[in-house]
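Peer 1: Sequences are here, hints too, so could you generate the full structure?
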Amino acid sequence: MQRRQFLKGALYGTGGTLVALSGLGAATAALNPRRAAAAAPVSRKTVYSSCEMCRNQCPIAVKVENGKVVKIDGNPNDSAFGGVICARGNSGPSLLYDPERIKKPMIRTGERGSGKFKEVSWDEAYTYIAQKLKAVQEQYGGEAVAQTSHIGPYDVFFQTIGKAIGSPNLFSHEATCPMARIIGLNTTFGTAAINADYANTKYLLVVGRNFFEGIHVAQTRAVAKALSQGTKMVVLDPRFSVLAAKGEWLPVKGATDLAFIMALANVLIDEKLYDEEFIKQYTVGFDKWAAQVQDKTPAWAAEETGISQDTIIRVARELAQAKPHSLIEYGWRTTFTADDFQLRRAIMIVNMMLGNFEVPGGYYQVKDAGTLKKVPAMAAYAKKLGPVKVPPFPKPKKGRIDGTGEKGTPRQLTPIADGAVGQITETILTGKPYPIKAWLVHRFNPVMSIGDTEKTLAAIKKLDLLVTCDVYMSDTAYNSDVVLPECTYLERTEQVFDMSGLTPKYVLRQQAVDPVYADTKPAWQIYKELGEKMGYGQYFPYKDIDDYVERQLAPTGISRKVFAEKGLWTPAGMKPFYVRSGDAKAPLTLLATKSKKIEIFSDAVQEATGAGVPVYVPYPQPGEGEFRLIEGKVAVHTNVGTHNVPVLHELMSENTLWINAQSAAKLGIKTGDTLIISAGKYEHKGTANVTEGIRPDTVFCYHGFGQISPQLTRAFGKGINDNKLIPDQLGSVGNSITSMTFVKVRKA
Amino acid sequence: MEQETAEELYLSFAGIFQRPRPDIARHLEELIDLWAQEISSSEKVFSELREFCRAFPAGEVRENALWKEYIPLFETGRVEAPPYASVYLDRDGLVLGCEAEEVRKFYLSLGYGLRSDQRELPDHLGVELEFLARLAGRGSWDAVGSFRKSHLRPFLRAILPKIRASERPVYSQAAELLASWQLGQC
Amino acid sequence: MAKHYAMVIQLKKCLGCQACTVACKFENKVPDGQYRTKSPAIGPSGTYPNVKVFFEKQACQMCQDAPCVKVCPTTASHYNKDGLVLIDSHKCVGCKYCMTACPYDARFINKNTGTADKCTFCYDTRLTKGEKPACVTTCVGGALLFGDANDPQSEVARYMATHRTEVRKAQFGTRPSVHYDYEGVK
Ligand code: SF4
Ligand code: SF4
Ligand code: SF4
Ligand code: SF4
Numbered sequence: 001m002q003r004r005q006f007l008k009g010a011l012y013g014t015g016g017t018l019v020a021l022s023g024l025g026a027a028t029a030a031l032n033p034r035r036a037a038a039a040a041p042v043s044r045k046t047v048y049s050s051c052e053m054c055r056n057q058c059p060i061a062v063k064v065e066n067g068k069v070v071k072i073d074g075n076p077n078d079s080a081f082g083g084v085i086c087a088r089g090n091s092g093p094s095l096l097y098d099p100e101r102i103k104k105p106m107i108r109t110g111e112r113g114s115g116k117f118k119e120v121s122w123d124e125a126y127t128y129i130a131q132k133l134k135a136v137q138e139q140y141g142g143e144a145v146a147q148t149s150h151i152g153p154y155d156v157f158f159q160t161i162g163k164a165i166g167s168p169n170l171f172s173h174e175a176t177c178p179m180a181r182i183i184g185l186n187t188t189f190g191t192a193a194i195n196a197d198y199a200n201t202k203y204l205l206v207v208g209r210n211f212f213e214g215i216h217v218a219q220t221r222a223v224a225k226a227l228s229q230g231t232k233m234v235v236l237d238p239r240f241s242v243l244a245a246k247g248e249w250l251p252v253k254g255a256t257d258l259a260f261i262m263a264l265a266n267v268l269i270d271e272k273l274y275d276e277e278f279i280k281q282y283t284v285g286f287d288k289w290a291a292q293v294q295d296k297t298p299a300w301a302a303e304e305t306g307i308s309q310d311t312i313i314r315v316a317r318e319l320a321q322a323k324p325h326s327l328i329e330y331g332w333r334t335t336f337t338a339d340d341f342q343l344r345r346a347i348m349i350v351n352m353m354l355g356n357f358e359v360p361g362g363y364y365q366v367k368d369a370g371t372l373k374k375v376p377a378m379a380a381y382a383k384k385l386g387p388v389k390v391p392p393f394p395k396p397k398k399g400r401i402d403g404t405g406e407k408g409t410p411r412q413l414t415p416i417a418d419g420a421v422g423q424i425t426e427t428i429l430t431g432k433p434y435p436i437k438a439w440l441v442h443r444f445n446p447v448m449s450i451g452d453t454e455k456t457l458a459a460i461k462k463l464d465l466l467v468t469c470d471v472y473m474s475d476t477a478y479n480s481d482v483v484l485p486e487c488t489y490l491e492r493t494e495q496v497f498d499m500s501g502l503t504p505k506y507v508l509r510q511q512a513v514d515p516v517y518a519d520t521k522p523a524w525q526i527y528k529e530l531g532e533k534m535g536y537g538q539y540f541p542y543k544d545i546d547d548y549v550e551r552q553l554a555p556t557g558i559s560r561k562v563f564a565e566k567g568l569w570t571p572a573g574m575k576p577f578y579v580r581s582g583d584a585k586a587p588l589t590l591l592a593t594k595s596k597k598i599e600i601f602s603d604a605v606q607e608a609t610g611a612g613v614p615v616y617v618p619y620p621q622p623g624e625g626e627f628r629l630i631e632g633k634v635a636v637h638t639n640v641g642t643h644n645v646p647v648l649h650e651l652m653s654e655n656t657l658w659i660n661a662q663s664a665a666k667l668g669i670k671t672g673d674t675l676i677i678s679a680g681k682y683e684h685k686g687t688a689n690v691t692e693g694i695r696p697d698t699v700f701c702y703h704g705f706g707q708i709s710p711q712l713t714r715a716f717g718k719g720i721n722d723n724k725l726i727p728d729q730l731g732s733v734g735n736s737i738t739s740m741t742f743v744k745v746r747k748a
Numbered sequence: 001m002e003q004e005t006a007e008e009l010y011l012s013f014a015g016i017f018q019r020p021r022p023d024i025a026r027h028l029e030e031l032i033d034l035w036a037q038e039i040s041s042s043e044k045v046f047s048e049l050r051e052f053c054r055a056f057p058a059g060e061v062r063e064n065a066l067w068k069e070y071i072p073l074f075e076t077g078r079v080e081a082p083p084y085a086s087v088y089l090d091r092d093g094l095v096l097g098c099e100a101e102e103v104r105k106f107y108l109s110l111g112y113g114l115r116s117d118q119r120e121l122p123d124h125l126g127v128e129l130e131f132l133a134r135l136a137g138r139g140s141w142d143a144v145g146s147f148r149k150s151h152l153r154p155f156l157r158a159i160l161p162k163i164r165a166s167e168r169p170v171y172s173q174a175a176e177l178l179a180s181w182q183l184g185q186c
Numbered sequence: 001m002a003k004h005y006a007m008v009i010q011l012k013k014c015l016g017c018q019a020c021t022v023a024c025k026f027e028n029k030v031p032d033g034q035y036r037t038k039s040p041a042i043g044p045s046g047t048y049p050n051v052k053v054f055f056e057k058q059a060c061q062m063c064q065d066a067p068c069v070k071v072c073p074t075t076a077s078h079y080n081k082d083g084l085v086l087i088d089s090h091k092c093v094g095c096k097y098c099m100t101a102c103p104y105d106a107r108f109i110n111k112n113t114g115t116a117d118k119c120t121f122c123y124d125t126r127l128t129k130g131e132k133p134a135c136v137t138t139c140v141g142g143a144l145l146f147g148d149a150n151d152p153q154s155e156v157a158r159y160m161a162t163h164r165t166e167v168r169k170a171q172f173g174t175r176p177s178v179h180y181d182y183e184g185v186k
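Residue numbers (the UniProt record's numbering), protein chains in the order written: chain X, 1 to 748; chain W, 1 to 186; chain D, 1 to 186.
Any given hint could be a false lead.
DSS-like, lysine-lysine: derived pairs with alpha carbons at most 27 Å apart [stated by the list, open to error]:
#, chain 1, residue 1, chain 2, residue 2
1, X, Lys597, X, Lys585
2, W, Lys149, D, Lys111
3, X, Lys232, D, Lys12
4, D, Lys132, X, Lys566
5, D, Lys129, X, Lys68
6, D, Lys129, X, Lys45
7, X, Lys280, X, Lys374
8, D, Lys38, X, Lys225
Keep in mind the hints are simulated off the structure, nothing from the lab.
Peer 2: In structure tokens, the structure reads:
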């Protein structure tokens, strides 16, 4: 019979997967494999690392048995976390061992969005990307390449590519999340590194944030601790969130929070309840603010917000009574309205009227090494990480597409590191101010995150190149030309990151196991290799991530061993440091503003927007038969990143549309009914959840559901994709606007 | 069945169920001849396979045609039939379960390990078949028998119906043939 | 004195975040779709804007007078030396008598083992090593207390001495070791 020699040639050579181990076979062939397996000793170790099921990077202790992650606990060495992690953090092994992860680099073979790919080697993928980028660069200039990531340790490596190409168009996801707060803080304190000491506060007013469903373990625990010590909490939210259930719920009318805040200021001034000494010593521009809130009476605010005048006055008095250990939370996702950053500024201004800066139970400036160096008594605790020096990048030839940094416009306030990510699709479609032709995306899913899913898909079709690096075939990856598989956080080490709070703190993400799928790689390696392929090797001067970490640690004298043994570093013997806890008049030498004061009136904001103190702007309210669509987080999922993780999908696979019982009755809607939610241009199906826990003029759904990549088999098409209904609208400083969508609802 | 034929059959299926590769794709016609000689199955199976070869002549066209099926079937697509035994035999549906570990130890006990440069998970269908080819090639029939009984056949019983149900060209026919050969019926 | 392990659940502090649910799954290798514990929402109740909701962690109540032990025909369900109700899976024949007898719906037949399963207070994997159960350790809201109720110095004993706690379905006379503090939620 004819033999097929090619088979042996193909599979026994370097093309095969198995290799004969010399000598071993004969020695152990007689062993019963099952018994051998039983007899083999179990190797156990605990690897301290940091979670990445969301971006909070909580310290974790990974239990590894025979090279397999069996359980993840919180790292007990970190007292802020107390060994606690959330449901998502606990579910890490479910992601790690998911057969649906992407395993090899892929290049599209069919139409864009057809889901047809072939697998290629990393080298082929790099070559392909490098050639396409070069072509775009030659024809349109380096600025035609845009980069977006969620934001994280990978940015240093990822963004090096764009910087080396000479593109100014590097974006984070922040504009779709906390950017308005960042700007509010920057313009008031000269830095956004301001944290709140929730655990020690006596009175907490929360404006639309949801600590108990949008979980940030350290902060969630701190709030829970405060509550258990008797702290009073008031929650402003159109929806009855879990947080609202644990405090006093004030169902505020959407987009009117600023009216509530200004009325608080009005009462505090009117009744002389604010901290005059504090305002005098540490701030500038209070008189202008006082003038601005003079007519913002509780009666007026009651009209605007739907919260009674008495309640507003009571809350103001209670805040004042508990001051300076009372605080108004400055918000997490701050994309309510076009001028959300002014709400954040107003919140911080009222906080300053409570004098709650640099005292327990108030706000404080983050005590990282750079800040502590400025305080002589504390300088010894400051161990600054070494810079990893790279040669200067070429200067981009053009300004950014989103106008970030342009003087005399609101965008002068937008952080250059973040930008207005929602501008990208608009620019791709219109070619204005100039074309964007290539888009590199890392661990971010614009199709589901930048408003208007259809618009993003249309924009993608016009690109010459879209590259996505992820762990799953996300909605954006599915529509990409090249898909790069990153390994998960449990399979990689990253650079040291700074998690300082009231003391400095460094945490290290450390590889717990070998990559499950051998051809997945960590971000640092992917972009270093791609950079080298493109001739940008000089911007990646380190050998590998260990070399990088070594360069960071070198000047600090902190040994890498500390991280292996404990997972984190904090200066021994240092107590939480509040500048004003002992001396209420202590100078705030740390302040980073030019005036060295807290800027209630900000020259920069005045120059940018003409409103140096926050001014009230009424926003439209839903008309007859309309509802305001709002959205939020749930404790078992992160943004749009975890809905396909088996265990988490099992816990919550679908979202519903919350609708007030009375409103539903008028429309004949019952829980479980299929609805058509119409935002005018687009409609989406959804299931009704009729509830008493929402305002009659508002509907709500949890975000991140209804994913459109058919390759996320579990999450695909389940539930409502709110992002399809929310338009791609940008606020003054480039923040996405997500609370200004009005919808009609009917039975399907 | 003679030793060398068994080895070739295992290799042929290993070649098909590992990731699409130029050398195997180029010789697809020869594999079909081999199966036609050694495995009795319906004429339809073979004619469908030959039809595929005609529609997609050897070369990049054929490779891409195989990728188009392979990815959603085994890799990242709907993952209609994850190619890892642990996914079926460990019940929690994840990779690298006990089954993977047992299989790896089995390989080790007979003197085989996974190549470090090609590192695939030990319980990938293609790897198990390649392992059996090696055992058949050296005539270790006891080991072949025990591996089939405790690992391959339970795995095949779970995965082959899924591959066949996918109705994806080449793969569903190969699954049918592998079932006739290894599970004794189709 | 003999130990009496007990858990106190402060409902007012539970966020329904399900960290306990997931921690338990990995700690105890609970198969997909099955749970030893869950914290479902009770409510919402009331009318807008005066609404309430709370979460009630549910699992085996570690009864001291356990109907499941009484009905077990093989003595698989038993009290161990520390008074905990555990299941010897070697003796369990999967007859489901215990599932019917348990007033708290705490048991299920584990898909992997085919035998009855339920919360063990993490006896083998953690208690015997001096660690607290996985759910208690990871509880984000700080709602769970655990310890030896016979030791007056323990957290649980001190808590129960100073707070009003209840057991669920007291009318069944099962004398649970899991105590609920409903203060602030009802
Ligand atoms: S909050 Fe949860 S998911 Fe996010 S890092 Fe912490 S443990 Fe992980
Ligand atoms: S709760 Fe049910 S399973 Fe647990 S001890 Fe009581 S009767 Fe038995
Ligand atoms: S004590 Fe252990 S077994 Fe019981 S619910 Fe908690 S984690 Fe699960
Ligand atoms: S972990 Fe704690 S707070 Fe979260 S659901 Fe479980 S018992 Fe409740």
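Peer 1: Hints broken by the structure, by number, lowest first?
Peer 2: Violated hints: none; all satisfied.
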